Each structure stands twice: as structure tokens, then as C-alpha cells.
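This is what each chain is made of:
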Amino acid sequence: MWLFEQIVEFFSFQDVNIRYVALGTLLLGASSAVVGCFTFLRKKALVGDTIAHSILPGICLSFIIFKTKDPLMLLLGAMLSGWLSVYVVDYISANSKIKPDTAIGLTLSVFFGVGILLLTHIQHSGNSAQAGLDKFLFGKAASLVQNDVITFGIVSVILIGTIILFFKQFSLISFDVHFAKTIGLSVRTFEVILSTITVLAVAIGIQTVGVVLMAAMLITPAAAARFWTDKLKVMVIIAAIIGGVSGIFGAFISYTAPSMPTGPWIVAVLSFIAIGSMLVAPKNGAISKSRKQKKNQRKILEDNIIKLLYKLGEKENEFFKNRSIRTLKNYREYPEKKLLKGLNILKKKNQVVLVNDLWVLTEEGKKAGMRVVRIHRLWELYLTTYLRIAPDHVHEDAETIEHIITPEMESKLEHLLDYPEKDPHSANIPYKNEKDINE
Amino acid sequence: MNIQVDNPVLEVHDLTVSYDKKPVLWDVDFTIPYGNLVGIIGPNGAGKSTLIKAIMGLVPKGSGYIKLYDDSLDSVRHKVSYVPQRESVDWDFPASVLDVVLMGRYGKKGLLKRVSKKDKEIAYESLKRVNMLDFASRQISQLSGGQQQRTFLARALAQEADLYLMDEPFAGVDAATERSIVDLLLEMRKEGKTIVVVHHDLQSAIDYFDWTLLLNTRLVASGPTEKVFTTELLQETYGGKLTLLSKIGDLMKEKQFPAREK
Amino acid sequence: MSDFWIILTGCLASVSCGLLGCFLILRQMAMVGDAISHAVLPGIVIAFLFSGSLDSVPMLIGAATFGVITTYLIELFNKKGGLQKDASIGITFTWLFAIGVILISLYADDVHIDQDCVLFGEIAYVALEPLVSYIPGLSAPSTVWVLFIVMLLIIAMIIFGYKGLFLTTFDPSFAAAIGVSTVVWHYLLMSAVSVTTVVSFESVGAILVVALLIAPAATAYLITDKLPKMLVIAALVGVIASFGGYYLAVWLDASVAAAIASVLGIEFTLAFLFSPQDGIIIKRLRR
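Residue numbers (my numbering), protein chains in the order written: chain A, 1 to 439; chain B, 1 to 262; chain C, 1 to 287.
With the rest of the complex left out, here is chain A (with noise of 0.2 Å):
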């Protein structure tokens, strides 16, 4: 019930902190997110890293120089030496041996060591107005105040109209460089515009996470989405949503427990989001793929026993006859349980049926066991012809692909044979009736 009732208190937003924080933390996760697909997509997941640690000298420079804690200021030196570093990164990987991961590392470790020392040196000088920088590294996301709303909207309105205005652009640098150069876009000048925005996203956005979690603001919610959906659109309106869930969420659990940082909290469920449609998303989910492979192995089991059932009745020229579990295990090496599982499920699909404790094919399933058997045969045929490959060596492969190929490829497979008799090995191949070999 307590949960139940802070749940109800934040979600009202009555509060007017609670509003605050609750606002804040939406826009800056849905904007990161958004200008984060692009970075995802363009291969440069680290450069947010190298922003995020690369602010802070800029901060610090400019309050030693302009002895100030404007915020327009101060981010202006951020966005500066932000933008130096995405610049130094590609500055020494284009003109030494070094390579890309060596150069971000080495980057962002240098510029916040020259940071911090010029903060640390900030701080023991005395200057009592210093008192807040260090928000620059851990973040305060829960003493989000009118002000920064103000400016956090302003800024999102900001990031998220460039990417709409220039969404065609952004897309074109980030799935195909080469091509945008050849249909003469200003490929630099669209980098240049991407990373001015992703500067002032982190720049922004560390204020409330800290330097270190401001990476995972712009790529994991990127992440997540790719796993949900092939169109760019989507997938950057789902990484929105995310990102801006995340951010209520997090500021819901420091507002329950006031003891919590709100930055690692929100940085734990995007985690936990990414990771989540890691395993569940339907296409290449983690899940959706060992589901997939026991659909195979029910597939396999059914087409094998429906297959066996078939063949016993072609070499005793007598289909339709009882057999008990023992026969059927002489031939295949299948434990008791799991052949019974497999014929209960052909009894339900009306392909078997139970007499007496003995099985019989129905009419339904001496077909299903045709076609199998005729699939089998077919494809040892199309190896030998197609693949030239001996016919001793082709039972195996005809194992595995008698389970996998649609009516589309089978009838394709007839025609591209034309429609033969015999496999590989002299054995008839089972066509329904006459009819269909003139069909």
C-alpha cells in the first residue's frame, strides 16, 4: 500500500518539485535519446563518452576566465571543449598510427584529467563561488529547479527540431556516407551540425547524470530500440520513449527513497530496458531464438515419427495398419516419453490415431508422412543433380532440410526436377495421385 500511495503522490505531480524533477528528467532522457540513435547508427557509440568527460576543463576555464557561474557561460566553455575533443579524436586518427579506440580513450582521459585539475585548483584557491561545479561530475538530477526546466525544454526543442528538420540528412551520413557524397550532400557540414547538437546534449544532459552514466543517456536507449524495429523513425521514437520513461522512473525512485541517486537509477532501467529487449524483442530476441528452436525440435520429432509411420507402411505395402511403441522404437532411437509426446501431438492434429494402446496412421497422416518422405527424396535427388554430390552422402542433409522446406520450395522442387520418379537410390518418390504431377 505504501507503494501504491507514493506512486499515486508522484504521479499526480502535485508537488511542485516532483514536476520539476519528474519534467526535467522526461525531456532530457527523450532528447538524448533521440540525438543518441544518431550516434548509435553512425558506428561512433563513444563519442557521447569523450563529450561527457570532455567538458569539464571548458567549464572550468571559463569560470577562471569570466569568474562567473552563468550558466550560459559555463556551457558555453563546455560546448567548446566538448566540440575539441570530437575534433581531437578524428584529428589523431586521421594523422597517426593510432586508432580510433586507442584516440577517444586517450582523449576523454586527458581532457577530464586537465578538468579536474583545474577544478581541484578552483577549489582549494577558496573562491567560495565555486560551490557547484561538481554537479558537472555526479549530476543533481533531484534539486531540479524551475530554471533548469526552462532551459532543459529550450534545449530539447532545440535538439529534437534539428533532427526533424534535418532528418533526411542525419540519416544519410548515418547509414551511407560514401552515397550521401555522391548525390553531392555536404557531408562535413552535416557531421559538423550532429555533433554541435550531441555536444549540447551532454552538455545539458550531464548536469544530471554525472560524467560517467551521460553515455549510456545516448546509446543505450538506442540500443534497445534497434533490437524493436528496421526503420529508422521508429526506432528513433521508440529510443524517446524509453529514454523519457526511464527518466520519470528514476526520478520516481530517488523521490520514494531520497537517499537514491536519481542518475544511476535511470541509467539502471535503461540498462535493464536494453538488456530486456535484448532477450525478448521478437526478431532477434534471445528468447524468440530458443523458441524458435524448440518449435524446429517439435517439428523434427512430429515429421520424424509421422515419416517412420509412413515408411513402415510402404514396405509392408500396408499403411494403415496397428503398431506398438516397441516397433516403432526399433527404428528410432527415441526415448519412450518423447515419442509418446510426439504422437499425442499428431493425434491432435487428427495424423494418428490410438487403437487399443497400438497406432495407426489416418488418411490425413499418410499423407503428412508422404510428403515428408517425398520432400526426403526429392531433395536427395536436387543434391545429386544440383550440388553433385554423391548419393551415399546425402541422407544427412536430407534429414535436417525434410523439416524446413514450404510448400513453395517443394513444388518449385518438383519442377525443377520435373516432377521424377526415382531418388538417388532407386527408391520410388510418393506423389499424392496422378493429378498433382500434371498440376
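Simulated from the structure, these hints should not be mistaken for laboratory data. Because the structure is a prediction, the values reported are computed rather than measured. Glycine included, every Cβ here is placed at the ideal spot set by N, Cα and C. Some hints could be false.
Unchecked claim - Simulated restraints, written as ranges between beta carbons of each label pair:
{"hint": "1", "chain 1": "A", "residue 1": "GLU5", "chain 2": "C", "residue 2": "GLU129", "range": "45 to 51 Å"}
{"hint": "2", "chain 1": "A", "residue 1": "ILE158", "chain 2": "C", "residue 2": "ILE149", "range": "52 to 58 Å"}
{"hint": "3", "chain 1": "B", "residue 1": "LEU133", "chain 2": "C", "residue 2": "PHE274", "range": "31 to 37 Å"}
Unchecked claim - Here are the computed lysine-lysine pairs in the DSS-like style, where the Cα-Cα straight-line distance is at most 30 Å:
{"hint": "4", "chain 1": "A", "residue 1": "LYS412", "chain 2": "B", "residue 2": "LYS247"}
{"hint": "5", "chain 1": "B", "residue 1": "LYS241", "chain 2": "A", "residue 2": "LYS366"}
{"hint": "6", "chain 1": "C", "residue 1": "LYS80", "chain 2": "A", "residue 2": "LYS289"}
{"hint": "7", "chain 1": "B", "residue 1": "LYS247", "chain 2": "A", "residue 2": "LYS432"}
{"hint": "8", "chain 1": "C", "residue 1": "LYS79", "chain 2": "B", "residue 2": "LYS61"}
{"hint": "9", "chain 1": "B", "residue 1": "LYS241", "chain 2": "C", "residue 2": "LYS80"}
{"hint": "10", "chain 1": "A", "residue 1": "LYS321", "chain 2": "A", "residue 2": "LYS292"}
{"hint": "11", "chain 1": "A", "residue 1": "LYS292", "chain 2": "B", "residue 2": "LYS61"}
{"hint": "12", "chain 1": "A", "residue 1": "LYS292", "chain 2": "B", "residue 2": "LYS241"}
{"hint": "13", "chain 1": "A", "residue 1": "LYS432", "chain 2": "A", "residue 2": "LYS422"}
{"hint": "14", "chain 1": "A", "residue 1": "LYS295", "chain 2": "B", "residue 2": "LYS247"}
{"hint": "15", "chain 1": "B", "residue 1": "LYS61", "chain 2": "B", "residue 2": "LYS255"}
{"hint": "16", "chain 1": "B", "residue 1": "LYS61", "chain 2": "A", "residue 2": "LYS289"}
{"hint": "17", "chain 1": "A", "residue 1": "LYS366", "chain 2": "B", "residue 2": "LYS247"}
{"hint": "18", "chain 1": "A", "residue 1": "LYS231", "chain 2": "C", "residue 2": "LYS85"}
{"hint": "19", "chain 1": "A", "residue 1": "LYS43", "chain 2": "C", "residue 2": "LYS79"}
{"hint": "20", "chain 1": "A", "residue 1": "LYS292", "chain 2": "C", "residue 2": "LYS226"}
{"hint": "21", "chain 1": "A", "residue 1": "LYS140", "chain 2": "A", "residue 2": "LYS67"}
{"hint": "22", "chain 1": "A", "residue 1": "LYS292", "chain 2": "B", "residue 2": "LYS53"}
{"hint": "23", "chain 1": "C", "residue 1": "LYS226", "chain 2": "B", "residue 2": "LYS253"}
{"hint": "24", "chain 1": "C", "residue 1": "LYS226", "chain 2": "B", "residue 2": "LYS120"}
{"hint": "25", "chain 1": "A", "residue 1": "LYS349", "chain 2": "B", "residue 2": "LYS247"}
{"hint": "26", "chain 1": "B", "residue 1": "LYS255", "chain 2": "A", "residue 2": "LYS338"}
{"hint": "27", "chain 1": "A", "residue 1": "LYS338", "chain 2": "B", "residue 2": "LYS120"}
{"hint": "28", "chain 1": "B", "residue 1": "LYS61", "chain 2": "A", "residue 2": "LYS294"}
Here the structure of chain A is known, so what remains is to put chains B and C in place on it, guided by the hints.
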């Protein structure tokens, strides 16, 4: 055309290799006789490199087995030498030509023993055979493409193996280097070595190789070069993928279907 | 005496990091090193909860475990999840770091880890530690002892494992082809990085340890193209930065670790511009 030989140096039996369940090699089955210069020929994406990687156990097999000297790779590793594609390593690496060639001795000696005088002699001898003796102490970052390739060949020679598997040794080298590499391979064959080479140029293939494998996901042919180089077989190799086969491959990936039932 | 211990600590940490960093950057795994240095945080917190101190065996085990978990997760996201390498690195370390910070807040009463310390450490603490004597006649702060032992272990690993590291770094597929396990060497190196990160953690923090790992190695990489020389130069670069950084910090009254990182940046810039082989100014002059 798939000519099987008795007592082969290399036997590949019904090998299927898949990437994310999609087969890139489909039931490849062949044998290679001793003492031949063998070419693996096929279009881009035919699975040529994958085939020798599978032979060296560098990619997992979906089905089938491979026998070298009628034995498993692990028991005859010291007799087999693998030359990766030149582009697979970073040539900015801080090492000298001699350092790289000496790696060829690591397999025989283990990683803990020191490099002996004899190892160095063998390394120098190998460098001499590829005409790189003057470059022994040169840093590899300063080599041309052809010199890089010859360094790799010297490393292979230093292994003193009997069977050599080479991935595109002629890629990106100039004509003179290619000629000298071919001469070296012929010389090695004369010493009774078996050399298997991944090669993409049809024109020169007919001159270089005694035995040829034509590959395009499936094995189109394996046999003496003059018998394999027929218009029909070449067309089959280069005439594109088999539509049905690639469709089934795609379906296997989509359904995550295993290459074999178990 | 306190400046001696501080400089010595800097030297020991930067030599260990510099040596390992050479292999990291040659394997193009610099950012994996970065990820490990952040992701060991939850390991440190958990180990702290169990053992109650920062320099202990459980700490090293906890950290090494998390280091290996990090590398494993990065590969998992990369291979099974199909994410690009960069993205899987970014997601992994931010996630683990966030958990670490949450754990610190959760057990704030039991875990005395300062937030500042997590990011940039406080090397000056070493001078406040009581001296311990493990070898008669030699007494030093325990941090120095630990760093010293770790450095010896790393040097030993590089000397005895030189061929394995060299081979698996330069040409992993050839290594596998001659029967050398690339996985074993990979995880050995990653464990060494994790342990080094943790023992340097208190002194230099999670981010600046990255500077120690990457900058000396990158500088040395530009100066020489021989691996043994590169290792020695990287160690030297670190030592010079430890001295220079200390005095810079004293002059500016600022963090020593940050000053070391800044000096490392200067050293790299000099090498980048003037290295006899690869310096861009030298190259331009030669043209």
C-alpha cells in the same frame, strides 16, 4: 566432377559451416592427394576462406568432419601451416620481420622455451627463400604489400610443415612478387609438400595448380585442373548462387534451424 | 617524506598500467580497458561489504571477477545481441558503474567510498598511511606494497608470457592455428587489467586510471616500432609523468592524479608532433 583419391593428405567429409545458422558451405566433400599444388577457386563470397578456416578449426562446423593425414588436426598440427589473409593483421604492429618469422617456430617449441640459435638459422633460411634476407631487421610497418606477403610465407616456411593452407597469398601483390611466390610454391611442391591456395583469378589458376577445387557455397568440382576447367563447370561455379539453395539458407537463418537434426 | 611516497605510488601505478596498456592498445582494446576500470566498481563495493577494507584479497578477487564479467558481457552483447563493439562497451560499463553507485548509496553507512574518490582518487592519502614492514629494514605504506607486488607480477607475466602475448596480439588466427588458446591469454590480460585498476583505484580513481593505461602506451607507440622498446618507453613515460605531475599539482594546489594525467597529455602531444618516426611536424619537414 569430384575425384576422390586413396590415401589423401586432406579429407573433408560432408562439411557444412553456417554463420548464424545460414550455411556458407553446404555439404562440401572432397579429398586431396599428396604433393600437389591445389587451388580453391570461386567467386567472392563463395566460402573459400571459410573452408580453410574450418580445416584449421578456426570456425565451428555445423556437420561433417575433417581428417589430415588420416588423423585429427590436434595430433598433426605441427605438420600443418596456415597463412592467414594479409589484411587480417595490423601491420603497424611494433615488430620486425624476423620477429614475425620466428613465430613460425613457436608451435614446435611451445611458448615458454627460448628461441634457440637453430630457430634463428631456420628463420633466416626461410627469409632467404622468399628473398627477404636483407629485410630481416626491418620493422613490418615499413613493408610493401608484396613484402608483407613474403614475410608471412617465410613464417610458414619456418614452421617446416608438410601441408600448407594459404588464404589469398596473391591478393594485392605486384606481378613480379606473384611470379616469385609461384616459383617458391613450385619449389616446395618439388620437395613433396602439399600446398592449398585460396585464389580468385581464373586466368592464372589454370597455369598454377595441379589440382583445383571449384567452390560456390557447394563444391562444384574437385580434380586435376585440366579436367576441372571445363566451360560447363566454370559456368556453374560463377553462374551465381542456386536460388533454391540460398532461399533455404535464408529460411534456416530466419527459423534458427540447425544444420543437422542433432 | 610524504612527497616521496606520493611520487612512488604514482610511478608504481603508472608502470603497471603503462605495460598493460601497450597490449591493450595493440589489441585495439583501449576502450575495453576503460570499461573495466569503471565496471569494477560494484565488485569493489561488494568486496568492501564483506571485508571492510579497500586493500585486501577479497577486494582483488571481487574486482578481477567483475573485470572478467565485463569483458564477457561486452562479448555477449556484441556476438549474441548483435550490437557494435563500441555500443556494447558503452552499455556494459555504464550499467555496472550505475549499479556500483547505487550500491554505495544503499550501504552508505557501511561503505566508506567517497564519490570524488571513485572518479579521480586521492593519491595524497598514501602519505597518511602508517608504514608497514614486510621485509626487514624496508617499511612502506601498505598501498605502496600492494602496488609494488602487482607491478612485479605484471612484469613477470610479460617476461614469461611474452611470446603468448605477442603472438595472440599480433595474429590471433595464426595463434589459434598453431594450437595456442587465444581465450586463455585474453582473459589473463583482462584479469591483470582488472587487478591493476583496482589497486590503483584509491590513488587515481576510475577515469584517470584510463589515462595511465592508454596515454603512456600511445606515446610509446608513436616513438618506437619495437615492442620491447615500446614497453620500456611506456613505463618511462609514466614515471616522468608521476614526477612532473606531482610538482605541477603542488604548484597549482590541485589533484596529483589529475596533474599526472595532464602531464601524460603533454607527453603524448610532444610525441605526436615531434616523434622521429611518426611525429606530424617531422613528417611534414621530411616531405
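Status of the hints after comparison with the structure:
Range check, GLU5(A) to GLU129(C): Cβ separation about 49 Å, and the 45 to 51 Å hint holds. Take ILE158(A) and ILE149(C): their Cβ atoms lie about 53 Å apart, and the range 52 to 58 Å holds. In this structure the hint that LEU133(B) and PHE274(C) lie 31 to 37 Å apart at CB holds, the actual value being about 34 Å. Our distance criterion of 30 Å between C-alpha atoms is met by LYS412(A) and LYS247(B), whose separation comes to about 11 Å.
Annotation: proposed proximity of LYS241(B) to LYS366(A) is violated, straight-line Cα distance about 35 Å (limit 30 Å). Distance restraint check for LYS80(C) and LYS289(A): the Cα-Cα separation of roughly 10 Å lies within the 30 Å cut-off, and the hinted pair is therefore satisfied. In summary, the hint linking LYS247(B) to LYS432(A) is supported, as the alpha carbons are separated by about 25 Å, within the 30 Å threshold. Restraint check for LYS79(C) and LYS61(B): satisfied, since their Cα atoms lie roughly 17 Å apart, inside the 30 Å limit.
Taking the CA atoms of LYS241(B) and LYS80(C), the gap is near 28 Å; set against the 30 Å cutoff, the hint holds. Annotation: proposed proximity of LYS321(A) to LYS292(A) is violated, straight-line Cα distance about 34 Å (limit 30 Å). Proximity of LYS292(A) to LYS61(B) is assessed by CA-CA distance (about 21 Å); at most 30 Å being required, the pair is judged to hold. At most 30 Å may separate the alpha-carbon atoms for a hinted pair to count; LYS292(A) and LYS241(B) meet this at roughly 27 Å.
With a C-alpha separation of about 15 Å, the suggested pairing of LYS432(A) with LYS422(A) holds against the 30 Å cut-off. Of the supplied pair hints, the one linking LYS295(A) and LYS247(B) holds, its CA atoms being roughly 20 Å apart against a limit of 30 Å. Of the pairs offered as hints, the one joining LYS61(B) and LYS255(B) holds, with about 19 Å between alpha carbons and a cut-off of 30 Å not exceeded. Between LYS61(B) and LYS289(A), the direct Cα distance comes to roughly 20 Å. Compliance with the 30 Å bound is thereby established for this hinted pair.
Simply put, LYS366(A) and LYS247(B) have alpha-carbon atoms about 28 Å apart, close enough for the 30 Å limit, and the pair holds. Between the alpha carbons of LYS231(A) and LYS85(C) the distance comes to roughly 21 Å, so the proposed pair stays at or under 30 Å and holds. Among the hinted pairs, LYS43(A) with LYS79(C) is consistent with the structure: their alpha-carbon atoms are about 16 Å apart, no more than 30 Å. Using a Cα cut-off of 30 Å, the hinted pair LYS292(A) and LYS226(C) is violated, with the two alpha carbons roughly 51 Å apart.
Using a Cα cut-off of 30 Å, the hinted pair LYS140(A) and LYS67(A) holds, with the two alpha carbons roughly 22 Å apart. Between the alpha carbons of LYS292(A) and LYS53(B) the distance comes to roughly 29 Å, so the proposed pair stays at or under 30 Å and holds. This hinted pair does not check out: LYS226(C) and LYS253(B) have alpha carbons roughly 45 Å apart, beyond 30 Å. Taking the CA atoms of LYS226(C) and LYS120(B), the gap is near 18 Å; set against the 30 Å cutoff, the hint holds.
Straight-line distance between C-alpha atoms of LYS349(A) and LYS247(B) comes to about 28 Å, which keeps the hinted pair within the 30 Å bound. For the proposed pair LYS255(B) and LYS338(A), the alpha carbon gap of about 22 Å is at most 30 Å, so the pair holds. Of the pairs offered as hints, the one joining LYS338(A) and LYS120(B) is violated, with about 62 Å between alpha carbons and a cut-off of 30 Å exceeded. For the hint linking LYS61(B) to LYS294(A), the alpha-carbon distance of about 21 Å falls within 30 Å, and the restraint holds.
Checked against the numbered hints given earlier, the structure breaks hints 5, 10, 20, 23, 27 and satisfies all the rest.
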